[in-house]
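> Each chain, written out:
Protein chains: 2
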Amino acid sequence: MAAKKEQITGNMLIAQSGGPTAVINQSLVGAVLEAKNQDCIQRIYGARHGIQGILNEDFIDMKREPKKVLEQVAQTPSSALGSVRRKPTAEDCAKIFDVLQRYDVRYFFYIGGNDSAETAHIINEEARKAKYDLHCFHICKTIDNDLRQNDHTPGFGSAAKFVAQAFMGDNLDNRALPGVKINVVMGRHAGFLTAASALARQDEDDGPHLIYLPERPFRMTQFVRDVKATVKQYGRCVVAVSEGIADGNGTPIVQKNLKTGEKDSHGNVQLSGTGALGDILAAEIKDKTPIKRVRADTFGYLQRSFAGCVSEVDAAEARRVGEEAVRCAATGGKSGSIAIKRKNSKRYAVEYRRVPLKSVAKETRHMPDSFINKDGNDVTKRFIDYARPLLGEIPLMGRLKQVVVKKKD
Amino acid sequence: MAAKKEQITGNMLIAQSGGPTAVINQSLVGAVLEAKNQDCIQRIYGARHGIQGILNEDFIDMKREPKKVLEQVAQTPSSALGSVRRKPTAEDCAKIFDVLQRYDVRYFFYIGGNDSAETAHIINEEARKAKYDLHCFHICKTIDNDLRQNDHTPGFGSAAKFVAQAFMGDNLDNRALPGVKINVVMGRHAGFLTAASALARQDEDDGPHLIYLPERPFRMTQFVRDVKATVKQYGRCVVAVSEGIADGNGTPIVQKNLKTGEKDSHGNVQLSGTGALGDILAAEIKDKTPIKRVRADTFGYLQRSFAGCVSEVDAAEARRVGEEAVRCAATGGKSGSIAIKRKNSKRYAVEYRRVPLKSVAKETRHMPDSFINKDGNDVTKRFIDYARPLLGEIPLMGRLKQVVVKKKD
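So the sequence lines, in the order shown, correspond to chains A and B.
Going by full-length UniProt numbering, the first sequence opens with residue 1, and the numbers climb by one from there.
Going by full-length UniProt numbering, the second sequence opens with residue 1, and the numbers climb by one from there.
Hints listed in this document are in silico derivations from the structure and should not be mistaken for laboratory results.
Backbone N, C-alpha and C define an ideal beta-carbon position, used for all residues, glycine too.
If a hint is listed, it holds; no wrong ones were tucked in.
Here are the simulated BS3-like pairs of lysine-lysine, each with C-alpha atoms no more than 30 angstroms apart in a straight line:
1) A:K408 / B:K67
2) A:K87 / B:K407
3) A:K87 / B:K292
4) B:K67 / A:K401
5) B:K87 / A:K408
6) A:K131 / A:K358
7) B:K131 / B:K63
8) B:K408 / A:K95
9) A:K67 / B:K406
10) A:K256 / B:K292
11) A:K334 / B:K408
12) B:K129 / A:K408
Example chain A residues on the side facing chain B (calculated, C-beta under 8 angstroms, incomplete):
13) P20
14) Y45
15) E57
16) P77
17) S78
18) S83
19) Q165
20) M168
21) L172
22) L177
23) A276
24) D297
25) A307
26) C309
27) R399
28) V403
Using the sequences plus the hints, can you model the full thing?
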């Protein structure tokens, strides 16, 4: 191949960005181990804490990591290189590009969400303008499952599995001690993870009985009505709600109901790492209905980093995306993001395709209409069919047959 | 044996009470399967929702449950028979005793905490007074690990495993994106479960860096000082705190800091199923320190019912306690609770001993002083040695060696 002949030899730099996931290290390890096989890649630098590490030239030598350590890290949640929540400025990007040149980095891999794809895109443009031969790739991850071009993203399956298993247990808890239970799930703009709670259902009367997503306007009156109707039907109600639910104008429900002074220093309302939304919704039910036992839990950071709850499908795909990015770059691919596409086959199968960086950058993807029911308080069977294979094996809940004994007179 | 000759033949009744656990069904299934082997036990009734089911004569026929179903139920979290949070009155107890007689129940087993032991004790006394031949047993369970007479209780090991795995992941999340992270763990009066967070530590700098228990008065000023010192040392801080932490006068911290109107209809402060305490503590750190990234999560009900996180040691012991109770009753034991005693051996081993119902009833057990450090903000090695075997296998977190690359001039 022509491309292969021109392949430049140089160093590689890899970094992780954004919220950690349970399998983000699979992608890291996949990329590093694949890179070790490639003659065109010499040193392998890992930047600590994403672009912050690049700007500070805070690199570690990934070739000094023994395979055994790497394999253990692959099975460990959260970003092993450290992460960062910083979106680089144009000035940062210029400085990053300068660092890449000084370290003779010819292969750059950035593991992250749509912001990271945007960063990779900008750096790639800099290199192009400067006629610097750089292979610049984005490796996707996000528990939110909201990257364009992807059928689903690495990290989602494991987080979805956590959410499903949490609801499985919580549904049984609620069956044992009936009442209303509200669980707040991560997801500011995309409801995929909250929707995954539906995978907890085995029997017709299993919770979650109601699912509220950011894709639909949330109305407090409808919520109270829905809960009342469910309690009437089942004597109990388990609710899944996205942290990002908002009213018809797009104002987050948590923001609407907070008293002044509860915003952060930037005037932003913090959605994760606070129990506010759950408490607001529980208070509303207590206030507007005679239901006594009302509880709310916010799953919080456990969803993305709980140790020991990984979808084997997700883990394998995350590994593969990392490997593919390196293979692609080492065989002449100039830039791109490795997207997961689902094959149109009866049995679940995927393929990995290089897509332009720009096509993944910036905007996010939302739940398609076909995944949400008409009333906007549940998911459809189509969503269940879509999501089920991504979780891998999930436990089966047992249930007593409950043959009732005739009462003695 | 003399006792065996006199063994009365009759029916058995079993029920579950209080907060569900991940292994409470192991005890149920252990008792039921053992009872099927006992000639003196005829019908096996399962009461739905504890004493409420007994009072309403809401029984199911446990002999009609196929073994396969029972074995699946054994591996399922939360009380399969349903539970109840009702402490019976003297009148209730008299009525329960009446029901037992009408259904010719000669073997009664109540799975629960210290309140359930108290209930069993009262019913046993009624039977004695009436000279009604009843074998009355308590089968212990509680994630709080606060039952007297027991080295530890079924349900604790699995809940402790959940807490440890949650902190393992969350510690790595906090390492990737540094800041202060506060996690609120269940436990009103006993700190065992919060203390189990320490089992998450592998390396010296691993969190939780601070652990606050209800056994020691909580002082907000010390808390802020501790967090500041930890951030100075590690650049981050993970905190474990019991929901029940209280000041020197025993007033819960959450109660002290809530505005009026946030109590429930009975004037009680609700500790579980609300994110209030975590938010209060996070607000204090934001207010009193320059630390920017402060988050709080409340683990909530996931701790006791998450599907797929069970300690195999806990599961086996829970099963055994159920079996032992039935064996004990069927071989002449009149009443008691099956307590778990740890053998004084090098390798972890336990034995099961019948103890008087009264000795387990009412009062609870707290963390012994030897398990808590001098400053009251951590546990001791002695606690770690005590708790470690109870969790069974826990995942090993991988960590990069991180050989630093020398910066280029």
